[in-house]
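Enquirer: Each chain sits in its own coordinate frame; assemble them with the hints.
From first to last, the protein sequence lines are chains A and B.
Residue numbering for the first sequence follows our numbering, beginning at 0 and increasing consecutively.
Residue numbering for the second sequence follows our numbering, beginning at 32 and increasing consecutively.
I should point out that these hints are in silico values taken from the structure, not numbers from a laboratory.
Just so we're clear, the structure is a prediction, and the values are computed from it rather than from any experiment.
There's no promise every hint is true.
What the hints assert, rightly or not - Simulated restraints on C-beta separations:
1. B:143 <-> A:163: 19 to 29 Å
2. B:138 <-> A:63: 27 to 37 Å
3. B:141 <-> A:156: 28 to 38 Å
4. A:87 <-> B:92: 56 to 66 Å
5. B:95 <-> A:131: 16 to 26 Å
6. B:123 <-> A:101: 26 to 36 Å
Unchecked claim - Okay, the calculated bits of chain A under chain B, using three or more residues with CB under 8 Å as the criterion:
7. 19-26
8. 43-49
9. 103-114
What the hints assert, rightly or not - Partial chain A-side listing against chain B, Cβ under 10 Å, derived:
10. 7
11. 55
12. 64
13. 70
14. 96
15. 138
16. 164
17. 170
Here a beta-carbon is modelled for each residue, glycine too, at the ideal position from N, C-alpha and C.
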Amino acid sequence: MIETSVTIVILLMLGAVTIGIVRVRGLFAAVVLLGIYSFLMATLFIVLDAVDVAMTEAAVGAGVSTVFFLGALYLTDTVEAPPVHGQFMPLVVALVTAGALVWGLSDLPEFGSPNQPIHQQGADYLARSMTDTGIPNVVTSVLASYRGFDTLGETTVVFTAGIGVLVLLRRRRNGKEGS
Amino acid sequence: MTAHFSQSATILLMVAGLYIVIARGNMVKKLIGLSMFQSSVYLLYILPGKLIGGTAPILGAGYSVYANPLPHVLILTAIVVGVATLALGLTLVVRIKEAFGTIEEDEIAGDMRSDGSKPGRGRKSA
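One chain only, chain B, in its complex shape (with noise of 0.2 Å):
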């Protein structure tokens, strides 16, 4: 366990990520959740190409160890992309928001529920 903090302590974030996406039913803060627990992965990939003592892999005189630049080339594309999906995902919410009037996901299940024709479905198809 002591040896693996760095890598426990990244899972144990990860998971909090996890509890929020499961346990919170407001769409706004699941996406946060998920956010976070995007993060602990990028930092899950960069841990092991860490070299104790070495530098950042720019080649220059007077330095022989690097870390490894793989896993932060694929977490570059990985944050680029990760932004981009959470773009769209907001931009859902906000339209279940002008659908629905709420953004919390009991309060839209108990709408479906109750009436096929929900208050917010003749706006949403004018």
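One chain only, chain A, in its complex shape (with noise of 0.2 Å):
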């Protein structure tokens, strides 16, 4: 079991940045916040067997997102301005938001268990993965040749976000040399 009580270790350390994130009011130290909970949760992923899925957190989810924040922040403003509204109602969503998910794992399955559903329903890609390519790592198998479809529209969707974000950049350029 401990794997079980590791994740609950990770998830208190997450549940400590959270806290940290939502009451600084500095800009820069939220983003160095974020940039550890993205840590986090990838050694969270390594836990829980997801190996690519934490590689990839802590390349994308942790360093460039970061960089990109920092980016941002430089061209922007470092500190926030105190709240002008209550935030009474903000709370009440939050916490009815909670309130009905809890609720809704109630009938779950426990964690780690081989009762649930996705361990018994759909393609078994584990046992299909050797003999149909010949590649053990069946993430790989399953992102590059079952599911090519998906990352070729994932590769649009970035290819797209790419153009937006250079056409919005560019619009900026062009307007302080014509003024």
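Expert: In structure tokens form, the structure reads like this:
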């Protein structure tokens, strides 16, 4: 049961970082805490046997996102203004959502047990991967072979977002030259 | 509650992100909250794939219990798409800062209410 204990400890650390992010006013500190949050999440993914996801989360979630955030902070403000509205309604909305979701959990099977529907239904990629594709890493074979079109769609989304970023930033440069 | 501690804790992390998105007026802070929300959803997907005593889904001699690889694949896609949309959102924040001179939602709304021709507009259309 070592996996369960490590999961609980990392989740508690994530909770502490989350409280820090909610309370801190400086955006620079919040971005650094978000980087810590992502690295803790990557560690948790390793404990949960999702090694490919952990690598992506550490490289893309903690690395690239933090760089993007720091770039945006360089071009905008680094301190958040104090709130003008009451914080009561958002808190109520968040707590009601949490209550509904936790209530919905109550008839799910226990964490880590083989009774969960995900382990009993659907295509058995683990048994088919070696004979179909010859790739021992099943995540790779599903990503690139069985669900290759998903990955193509993902590439399209990233391409579109890249074009959007370039167009928005280029308009800015032209505007500066004109004025 | 104790049997579902991991899932419940993940949901609390998720609603903390939701709270930041609703309660904070600063747009960069909103995007930070949105990132936290996203990461918690990734975790909620990965959790049921885990089997106690299992190992990572890389086939090898001597192992018979593996985690389910399907949620891992879906979340790999989601992480990359999430960063792409985050980059687009941050670019929009930078544009808003240049057009309005602020990234606080209330100040922008007040600017737009007080007069139609705010100082930033001339710069934007030039």
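Enquirer: Which numbered hints turn out to be false for this structure?
Expert: none
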